[in-house]
Amino acid sequence: MGLWELVDKFLIIFYRISGHPVFDYFLGTFLVALMAVVIGEFTISVVFLVNKNHLDRLNTRLADLQQLTMAALKLGDKKSYDACNKEANDAFGRVFFNMFGLSAAALWPAFFALAWMQQRFAGIDFPIPFTGLAVNYVFTFLICYILARVFFGRVKNRLPYFRGIHQMLMAYEENSGKSQVVL
Amino acid sequence: MKKGIINKIALATLLLMLAVLVLGASGVGAQQETGKNAQVQVVGSDLGLKGKLGKAIAKAPVGTGKGQIDPNAPRGAFGIPGAPKINYLVAILWAIWVGWIFSTVGAFGGIMAGVGHMTVYGLGDYIKTFKKTAPQLNKLLTDSIRTSNQWLVGLSSLLSTVNYLRAKRLAWPLGLALGLGSIAGAVAIPALTGGKVSFSQYQGWFGLFVFVVGGVLLYETTPRGQASKKAAKEAARAFEQSIKEKKDEAIQGITVTQWGLTNIKFSFLGVEFRFNPIWAFIGGVVIAAISAFLGVGGGFLYVPYLTSIVGLPMFVVAGTSAMAVLVSMLTSITTYITVAGAAMDWGMIGVELIGVFIGSMIGPRTQKYIPDIWLKRLFVVLALYVGLGYFSKGFFGKAWVPM
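Protein chains in written order, with the UniProt record's numbering: chain A, 1 to 183; chain B, 1 to 403.
Isolated chain B, as found in the complex (with noise of 0.2 Å):
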């Protein structure tokens, strides 16, 4: 099949995820207010806590209960009176959980990471407990949710981003390209969405999102996908025998060589590469809205999209969606917290950064122990589980798996 066509057809999948997302978020912001009770007693000032969050604590009922308000109660995440307070040594293991996968699997650990928000840390069940009481508390809050996912899961862009530079190997007008879209996507579905996600809709589309994960997991473990990758290893192994001698070329920086709205052409080690910038535009656009929609990293996304779709060498790739990823998140963050109100467990974060660096300590001296096939097995059973549990969860009201 030509590269043309792949490429439409990829952003054509890519833009219709896209529009069911949205779709989905404002079929939610239309449901809201079911549970209005006209009777109920508020709490009537923000107990301190400041912009949109305070202000949908003064609207919250007051009371002891699920989905009331206690002034009285101790602090607990996000600084609200009686919600649960973050066990910092749960939170670290778990972190050092996260940490792990993620110097032994990879892309896995965002998933875990949401998973320790939304689940183990048991923000989960306590932001649902609102959705009736107070909707806009329950929205805002799964704002904060996906604001920490992407904390957690972008930081790792930043280093990255700052050693290419130092390296000179960031292609730039590609990155800026990829980087305008990105930052488009990323501003867009905080504005639009922000606010109007109630927290069982975002936990239905994480669960799908986990889904596709473990399905390309699963595909990678199938003897079909381990002979696609055993034949591109062997004949990496066999052209390596062949060049040997020529191994130790002159690292020379990347030369723009023809500007165009529709071609730009950049030459590196001698080689002339070209890409469509209106391509890596709308590709930026696409893949910043899902991460920023799932509150997710984006990496996953943007590295095949252009090494396969685009077409581009790793070594051109590696550092342009460092940066796209870093660009993608810092704006996916700002508007969150600026626009959309989203409230921020700095202490939280904190915590789980300490847990991340332990389990990267421990996870390249044990992964040594598990084959990599049976590891990738082991993730996608989690991935079945953990993505039927919130897909049910979410969208029909109740796991239909334990968790």
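Just chain A, same shape as in the assembly (with noise of 0.2 Å):
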């Protein structure tokens, strides 16, 4: 059996709880998606974890730049201010792709998810009703997704390993105070 058929052989088993088809879709989808959000964010903490340092580093010099930018403008110092705005503007470039990491360790299973969706449900429309529109899979799941991402930000801190990190992450940014980084 390959991995594919395995995979569809357990989150099928999500879609038949109730018996009822329009109800364990919904209900199915929307398991799928915050199996998507969990394996996410515990990967995200898993980057994060590691590049730490490197990412207060970025932060910090970007944080520090355009204060420093604001004042020049404050002061009406011209010259300054330019100077300092291109080098926040280089900075910024660096926390702005390092970001693409840390988006891509957060999105990467709802990718998979869509993929194992489409063998399945692929072709099938859901009115809406009162409209005679219909959406697809992708937006069922991205609706279910949504809310298994807000589901899950108020249960987390409950969570055995995601309370630690959520309180590391407190810390981190009371300390770091002009932080960008909010996971």
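Treat the hints as calculated values from the structure; they're not laboratory data. Incorrect hints may appear among the rest.
Unchecked claim - Simulated coverage check for chain B against chain A, where a stretch passes if three residues somewhere in it have a Cβ under 8 Å from a Cβ of chain A:
id, stretch
1, 314–327
2, 353–364
To be verified - Just a few of them, taken from the derived set where beta-carbon distance is under 7 Å, the chain B residues facing chain A:
id, residue
3, G99
4, F102
5, L158
6, A236
7, W346
8, G350
Because the structure is a prediction, the values reported are computed rather than measured. Every residue gets a Cβ at the ideal spot worked out from N, C-alpha and C, and that includes glycine.
Combine the two chains into a complex, taking the hints into account.
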């Protein structure tokens, strides 16, 4: 049995809970989305822990340059303003593209969930009542994924591993003050 | 030179580029059906693939040769029978390289993501085979490549925007004007050019774009570029020394002090900024249109536009540009998928994301061993090679360098 077949056998269990097809579809999609959120949050916490020092340096440098830019502007020092803004531009580029690594770590499971749903549910339309419009599996997954993110955001402080990570991030934010990395 | 004149020159250049892109696309749209052959036996069924892709498959010639669809072949990329099956190991390794570039150099990562889709995974050569036998399929799959690039490049804006929103660092009137413009651009280009741009044409334009990025990198490595950077660094450092005691200022939110059709003022940290929302809107339209056409993120254009042309400080620009990229990316991807009918290979993107975050962990650990200038020189050489290869392959049908 291939990996995809194994995954399929496991994930489809979430779609057979109550026996009511429509309810089961949305419940199952929500649970699959929740699983994608949890795996993504775990991965991003690992990436954050591994890259913390590097991110600290980048964020502190950017915050300092931005403060300097504002100070130069207040003092009416055009030359210093342009110089600091140019440097801040450079620093922002690094922060922005490093953020890409973090977003990739958070979101990769969602794309595998979509790949699986495509095999199972492509071609099935879900009509929106009173509009005459219909949506597909991508739309329903995205709605469930957003709900799962909101739900997980509320409960993660009470879960064993994530509670520790959350406390560490809170302390990190308080200490750095100016940090821009908020997970 | 006055800022107003620079504004106009920059926008005129961007508008000209956009016009060339749109004209180029429609020109290609008019060249289709060159290999029409009434005797060809077609697939006749969508083979379970929905939407425009399924319809294009049904019209493609059936068979096992090049430019034909074999319904009995195993399904590959985008679920098409006989399409190259993405080798997940190769995809991860390539994506690690992309992630490494993102975390060390920046913008060039998007280009390398495109190179992966077109060349490394073998999708470009496969799509090209349909140029004459099934032009519509060729163009639909070109849109799929453009959209796949955008997923990868635009995702970074999602986390950044959320973070800046939480930190109350979005200059929202500016974001609104820019965002509305970027929605217009990101809807218009996929709607106008979706299903009309052949893979060769896209490859040619992509090559040209790589040349431009390579040119910017080359300038940064020249003595003049280096001197300008060094001067800015020194001026910033000198100012830093003189201002140290004023470092801890209380962070206040952005307050809009005046609304107008051509002039909006807002204050931040007690300093007043102003901008013309019409220019911001036009800038949003043009940048989003170019990004959507090429299948790139657009951050590399929004940030210099807002800092150098509109003259705003990075403190305000950072979050606003991230939001503009997010809005234009979401709009463009949605339009490509819904209106133009681009197919997605979700598994391929998932695998690439795994590689990207591994690469972004390796990047910071290896960066210190390679001086910035040598890194840039390496990418200048790569940009010249890749740009020349795609440009010649796309517009002249034959690569002038081995690829």
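Hint by hint, here is what the structure shows:
| no. | hint | in the structure |
| --- | --- | --- |
| 1 | 314–327 | holds (count 5) |
| 2 | 353–364 | holds (count 9) |
| 3 | G99 | 6 Å, holds |
| 4 | F102 | 4 Å, holds |
| 5 | L158 | 6 Å, holds |
| 6 | A236 | 4 Å, holds |
| 7 | W346 | 4 Å, holds |
| 8 | G350 | 3 Å, holds |
This entry satisfies every hint, going by the numbered hints stated previously.
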